[in-house]
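**Q** Quick note, the sequences are listed as chains A and B, same order. Under the numbering used here, the first sequence has 50 at position 52, and the numbering climbs by one with no breaks. Converting from the second sequence to the numbering used here requires adding 71 to each position, the first position being numbered 1.
These are computed hints drawn from the structure, not numbers from a lab. Treat the hints with care, as some may be off.
Calculated cross-link-like contacts (lysine-lysine; reagent style DSSO-like; alpha-carbon spacing at most 27 Å) [claimed, not checked]:
| hint | chain 1 | residue 1 | chain 2 | residue 2 |
| --- | --- | --- | --- | --- |
| 1 | B | 151 | B | 287 |
| 2 | A | 48 | A | 4 |
| 3 | B | 238 | B | 151 |
| 4 | B | 256 | B | 160 |
| 5 | A | 4 | B | 238 |
| 6 | B | 160 | B | 238 |
| 7 | B | 440 | B | 456 |
| 8 | B | 287 | A | 26 |
| 9 | B | 115 | A | 72 |
| 10 | A | 41 | B | 238 |
| 11 | A | 72 | A | 26 |
| 12 | B | 256 | B | 239 |
| 13 | B | 256 | B | 134 |
| 14 | B | 134 | A | 48 |
| 15 | B | 287 | B | 239 |
| 16 | A | 121 | A | 4 |
| 17 | B | 304 | B | 330 |
| 18 | B | 115 | B | 238 |
| 19 | B | 440 | A | 4 |
| 20 | A | 41 | B | 151 |
| 21 | A | 26 | A | 48 |
| 22 | B | 160 | B | 134 |
| 23 | A | 26 | B | 456 |
| 24 | A | 121 | A | 72 |
Predicted, not measured: the structure shown is a model, and the values here were computed from it.
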Amino acid sequence: MEYTNKVLDHFRNPRNVGELEDANAVGKVGSPSCGDKMEMYLKIEEGIIKEAKFMTFGCAAAISSSSVATELLKGMRVEEALQLTNQRVVEELGGLPEAKIHCSVMVEEAVQAALEDYEQRKKQEII
Amino acid sequence: MREVYLDYAATAPVEQRVLHKMNEAFEHVYGNPSSMHLIGRKAKGYVEAARESIAAYIGADPKEIYFTSGGTESDNWALKGVVEAAKQKNAHIITSAIEHHAILHTCAYLEERGCRVTRLSVDANGSVNPQEVEKAICPDTVLISIMTANNEIGTILPVAEIGRIAKKHNILFHSDAVQALGSVKIDVNEMNVDLLSFSAHKIYGPKGIGAMYIRKGTPIANFMHGGAQELSKRAGTHNVTGIVGFGEAVEMLRENDAKYVAHYNQIRTDLYRQIQENVEDVLLNGDEENRLPNNLNISIGYVEGEALLISLDMEGICVSTGSACSSGSMAPSHVLGALGVEDEFIHGTLRLTVGRYTTKEDIDYTAKKIKEVVDRLRAMSPLYKDRRK
Ligand SMILES: Cc1ncc(COP(=O)(O)O)c(C=O)c1O
Ligand SMILES: [Zn+2]
């Protein structure tokens, strides 16, 4: 399995690991039985992602994808984040082995789940 | 950086002594063993000496040893050859769910061609119950194939007992002894086997050479058609240097196997003890007692196997995992699946197999690094976070 140096760097020294206490957008996807589970924590203020953290149980591709995604997300507007695809994450990593592309899909799903959670919370606040 | 090889079950380096003998053959033994002249006869002498060494080590007659290209070929030949010779519609094979792919994929191939295959499940230790084997026998059964020891989890199976049952029912019995050779006593009569598969590269010999033991009188179709080599059963000019290396590797076993096994056992046990002391939530896979002396297979909770493997690789430690995620499937290996290990653990499986050159320093370093790596991965694992709560 050939990983790029960027993948290995993010795997070895993942950025933004952990839970975010005051997150207002949380997405959890995957399950232990799948061998991959990811939690994405975002803090959104005035439609902009101020903070992003993650926790991931998974392979090097899953961990590096999560890490690089949190870097991409910081400073993004919610509308932009909704457009964040796994291809964009893979690009940022300088590519992933074909068999590992599916591990980056989970990141896209986690971001989507977090943004959905954010929308739900907003609605509840309004009501 | 320190380099630590803990994947001897995948393959072992060629021993110096084996290499010397092979070099001697490369330099001085260029003849074709099938040629009648002096130079050919000299080569034949080397081939036959190796055959005798192997036969003597497993209690067989030299005429019952057939050289092949390795374990995969021997397994293919055993299954396909017995089925073909049986000339029977719906021939039935009994095997286990934890066999090497060389057996299981050959079984699938034979199924597509009309055979029926029973894959016996294993108990929590990865062993096959001989009574289950007996129950699976039916009038169409032509072959029972159960491995001597498993390559992933190291469980040693009750082969002699299964062989006794096969014999009682007059059914041929094959066993894949690729991993067992050198670690478990192999005696074709004590084991009650008709066919055994071997591979040289697991016993510090060269790659691409192996053998099959075929008990005299066993009905089995020829595998390679061509010249008259290997009593015409497996044609093709002999891989003389490979055979010489294989023979020498077996000679080393004959002289020192007990010493090797004691070393494996000591170093493996030390490694396991240190890991247990340093890391919580570690499960041992396979049988604690009936297990290959060089095999340690553990599932480390709440972390993923490939992440472990790559992290250890970055520290110069070479191990294998039975649970790498690939091609859209996170499926753990068929062997771990058959054991029924829990979800939170099964994906974090490592196989560490020690060898003749593994030192105490290697093990101390590895145990220390495993702790560091597991701590780092658990710090980012949502499963571990939830477990602590
Ligand atoms: C149990 C078992 N059978 C068969 C094989 C295949 O042997 P070879 O590599 O010589 O084809 C192996 C090794 O990978 C093995 O461990
Ligand atoms: Zn993955």
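**Q** Given the proposed pairing of residue 121 of chain A with residue 4 of chain A, does the C-alpha separation stay at or below 27 Å?
**A** 39 Å, violated
**Q** For the pair supplied as a hint, residue 151 of chain B and residue 287 of chain B, confirm whether the alpha-carbon distance does not exceed 27 Å.
**A** 18 Å, holds
**Q** Quickly compare the C-alpha distance for residue 440 of chain B and residue 4 of chain A to 27 Å and report which way the hint goes.
**A** Status holds; Cα separation ~23 Å.
**Q** Check the hint pairing residue 160 of chain B with residue 238 of chain B against an upper bound of 27 Å on the C-alpha distance.
**A** Within the cut-off at roughly 22 Å; holds.
**Q** Holds or violated: residue 287 of chain B and residue 26 of chain A, Cα atoms, limit 27 Å.
**A** Cα-Cα ~62 Å, so violated.
**Q** Residue 4 of chain A and residue 238 of chain B were given as a pair; does the straight-line alpha-carbon distance stay at or below 27 Å?
**A** 59 Å, violated
**Q** Residue 72 of chain A and residue 26 of chain A: Cα distance at most 27 Å?
**A** Between residue 72 of chain A and residue 26 of chain A the Cα gap is close to 18 Å, so the pair holds against 27 Å.
**Q** Verify the proposed pairing of residue 134 of chain B with residue 48 of chain A, using a straight-line Cα cut of 27 Å.
**A** 77 Å, violated
**Q** Please work out if residue 238 of chain B and residue 151 of chain B have their alpha carbons no farther apart than 27 Å.
**A** 20 Å, holds
**Q** Could you grab the alpha-carbon distance between residue 48 of chain A and residue 4 of chain A and see if it respects the 27 Å cut-off?
**A** Status holds; Cα separation ~24 Å.
**Q** Would the hint linking residue 256 of chain B and residue 160 of chain B be met if the CA-CA limit is 27 Å?
**A** 36 Å, violated
**Q** Given the hint that residue 287 of chain B pairs with residue 239 of chain B, test it: the Cα-Cα distance must not exceed 27 Å.
**A** The hint holds at about 18 Å.
Consistency with the previously given hints fails for numbers 4, 5, 8, 9, 10, 14, 16, 17, 18, 20, 22, ordered from lowest to highest.
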